[in-house]
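Student: If you read the sequences in order, they're chains A and B. Okay, so the first sequence: first residue is 1 according to the numbering used here, each after it adds one. Okay, so the second sequence: first residue is 1 according to the numbering used here, each after it adds one.
Derived by calculation from the structure, the hints in this document are not laboratory data. Among the hints, erroneous ones may be present.
Unchecked claim - With a straight-line Cα cutoff of 20 Å, these simulated SDA-like cross-link-like pairs (lysine to any residue) come out:
id : chain 1 : residue 1 : chain 2 : residue 2
1  : A       : K145      : B       : P146
2  : A       : K145      : B       : D262
3  : A       : K145      : B       : G145
Said to hold, decoys possible - Simulated coverage check for chain A against chain B, where a stretch passes if three residues somewhere in it have a Cβ under 8 Å from a Cβ of chain B:
id : segment
4  : 16-28
5  : 34-43
6  : 100-106
7  : 126-139
8  : 142-155
9  : 159-168
Said to hold, decoys possible - Computed, partial: chain A to chain B, Cβ under 7 Å:
id : residue
10 : F9
11 : T10
12 : V13
13 : W31
Every residue, glycine too, gets a C-beta built ideally from N, C-alpha and C.
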Amino acid sequence: MARRDAGEFTSFVLSSQPALRRSAFLMCGDWQLASDFVQEALIRVYRHWPRLRGDAEARSYARKAVVSVVIDAKRRRSSTEVPVDRIRDTGGVDDADRSADRELLTRCLAQVPARQRACLVLRYYDDLPVSEVASMLGISEGTVKSQTARGLETLQAAFARETNDELLVSGRE
Amino acid sequence: MPRDLTDLMERATAFAPPEPHPADEITQVAVRRHRRRTNGIIGGACAAVLVVAGLAYGVTRHDSKPQPAAPYKHNQQVDVSDAVAGSVLPGFEREPWTIPSVQEFGPRTFPWATYHDVDADGRLIVLDYPSGEPQSSRRVRLFDGPGESARPLDVPPSPGTNSGHRISWMPSFLDDGHLLWTADTPIVQTAKEGFHITDLSGGDDVFVHSGFTVGKTGFEGTPGNGRPGGISGDGMWFLVYEHNPANIEGAAAFDLYTATFDGDLTEVAEEVADLAVGDGMVAWVTTSGRLMTQSATGGSPQAVDVPLDAGCRLPTQLMQSFSRMFAVSGSAISVTEECGKGKSATYALVGFDLSGRRLVRIAGPIPSDVSIAGDSLLFVAGNDGTFRYDFVTGTLARLGDTPRRGQASAAPRGAGDYVLWYDRDGGHVARIPQ
Numbered sequence: 001m002a003r004r005d006a007g008e009f010t011s012f013v014l015s016s017q018p019a020l021r022r023s024a025f026l027m028c029g030d031w032q033l034a035s036d037f038v039q040e041a042l043i044r045v046y047r048h049w050p051r052l053r054g055d056a057e058a059r060s061y062a063r064k065a066v067v068s069v070v071i072d073a074k075r076r077r078s079s080t081e082v083p084v085d086r087i088r089d090t091g092g093v094d095d096a097d098r099s100a101d102r103e104l105l106t107r108c109l110a111q112v113p114a115r116q117r118a119c120l121v122l123r124y125y126d127d128l129p130v131s132e133v134a135s136m137l138g139i140s141e142g143t144v145k146s147q148t149a150r151g152l153e154t155l156q157a158a159f160a161r162e163t164n165d166e167l168l169v170s171g172r173e
Numbered sequence: 001m002p003r004d005l006t007d008l009m010e011r012a013t014a015f016a017p018p019e020p021h022p023a024d025e026i027t028q029v030a031v032r033r034h035r036r037r038t039n040g041i042i043g044g045a046c047a048a049v050l051v052v053a054g055l056a057y058g059v060t061r062h063d064s065k066p067q068p069a070a071p072y073k074h075n076q077q078v079d080v081s082d083a084v085a086g087s088v089l090p091g092f093e094r095e096p097w098t099i100p101s102v103q104e105f106g107p108r109t110f111p112w113a114t115y116h117d118v119d120a121d122g123r124l125i126v127l128d129y130p131s132g133e134p135q136s137s138r139r140v141r142l143f144d145g146p147g148e149s150a151r152p153l154d155v156p157p158s159p160g161t162n163s164g165h166r167i168s169w170m171p172s173f174l175d176d177g178h179l180l181w182t183a184d185t186p187i188v189q190t191a192k193e194g195f196h197i198t199d200l201s202g203g204d205d206v207f208v209h210s211g212f213t214v215g216k217t218g219f220e221g222t223p224g225n226g227r228p229g230g231i232s233g234d235g236m237w238f239l240v241y242e243h244n245p246a247n248i249e250g251a252a253a254f255d256l257y258t259a260t261f262d263g264d265l266t267e268v269a270e271e272v273a274d275l276a277v278g279d280g281m282v283a284w285v286t287t288s289g290r291l292m293t294q295s296a297t298g299g300s301p302q303a304v305d306v307p308l309d310a311g312c313r314l315p316t317q318l319m320q321s322f323s324r325m326f327a328v329s330g331s332a333i334s335v336t337e338e339c340g341k342g343k344s345a346t347y348a349l350v351g352f353d354l355s356g357r358r359l360v361r362i363a364g365p366i367p368s369d370v371s372i373a374g375d376s377l378l379f380v381a382g383n384d385g386t387f388r389y390d391f392v393t394g395t396l397a398r399l400g401d402t403p404r405r406g407q408a409s410a411a412p413r414g415a416g417d418y419v420l421w422y423d424r425d426g427g428h429v430a431r432i433p434q
């Protein structure tokens, strides 16, 4: 990856874009926005392409860029836009159950602050260890744990209000 | 029935609508965007030994917006005495940092400014001496926010000594989530000359060699180390001393070079008096007083007519470089004009857009430590304090007074909405929405 090779970079985009987009969707709740965020993040990856050593490092950097773009966008919107009641979901045709789950989750996640939401997605969806989430968000491991705990608390409370039921997590420290 | 969060997330993302951005389209956009890449730094640190041309050394970094977020106000005339208090700016919030911003070493040694840099997310780099001795090892810490615990930073190993001083690396934020580490004292061996780029923990260390040889002369391409210069994208820009023009008192003429991180060296211009790099743009003033700009990612140099007042001129280059009176961003340029001569000379900061249309003239004491952060111009005005001018609103605000004589001070720094400055009470960080 010493040089910017457009063909090599396009291959990387093809292989990494779907997973990045799914994570971005969970962080922002809108497939169109998620696509835009991932595009912006991949453009940042291209900027650093010569410095990235290997596919794993490029993927890690791309994921980090997605988180950064989503949080930055959220911060900009929070100071300039009027908030809406819930995050828009413009997903296409899907079976009714999954669609209902998606609606439910996006409504609940919308109540979690952006950085905490990123912690939840990286920990419980992307299955990343605390140390990697810390590196990705540029915060300490202790902050990751506290942000995750706070985010989870908010999410579980929102879920309980919506469903009168519990939202559980398992298998992670 | 209880639900599992991971399972719910997987179901929510199991179906996705078609991707609107094809991979090859993203590559094309990335390539285009890279050509007009915006990422600037002017290298520097606090305790530099002055070498070569004996110029000042300071780090600033700008955010990466390539265009103004809103139209700038043109032809504004303000005086520093008319500035409003920074605290009345809409959305102004002082960050509640409780870490000491000044470290005292006793009456015979200047105090040390511990707040070193702030990034667009409000992170703060703090440098201090835990032993209380300024000759001892410096501690480098990064805080994610007020009240957060310090994050240990792995500091790159020292590249050696200079005149008995152990050279150490000073970190500053890049706008892409990395840290730039420049030497606090010039590295005397050209073969070891360079800088480091790491992640925010000091890991993932990449060393960029920046010692070059032109003819029989070795020189450093590192930003800082006693001269103006900068990094933009994967390239560095720097001046190499050439000669002293006979007709300009106190001035020196430099050759302007750029080099890629891979070491490809290109001479850009000759007879250069001063250089500024920021936000994807490079600007230089020639010894004959012409201002030139060029995109840091390439293209041809463009001459810009500097909109100075009649009878005014740019101060001599040496003075400019010592005081950092010259700054550039992707949207604006700021120079200092000198009107009159000797003790009756007056000074003003003149800001203009890249086509040379004047944005503002700020009259007041001799400005220094000028930088452009996003849509705002930061500077110190003589003994009147630290100021911030907003190109969009046309508002000039005074952030604080001048530090007491001998009090630790540091150039104001801006990144995104955050500004770091020092005044009589020490260091402060505020968030001022742009």
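Student: Which constraints among the numbered hints does this structure fail? Numbers only, ascending.
Tutor: Failing hint: just 2.
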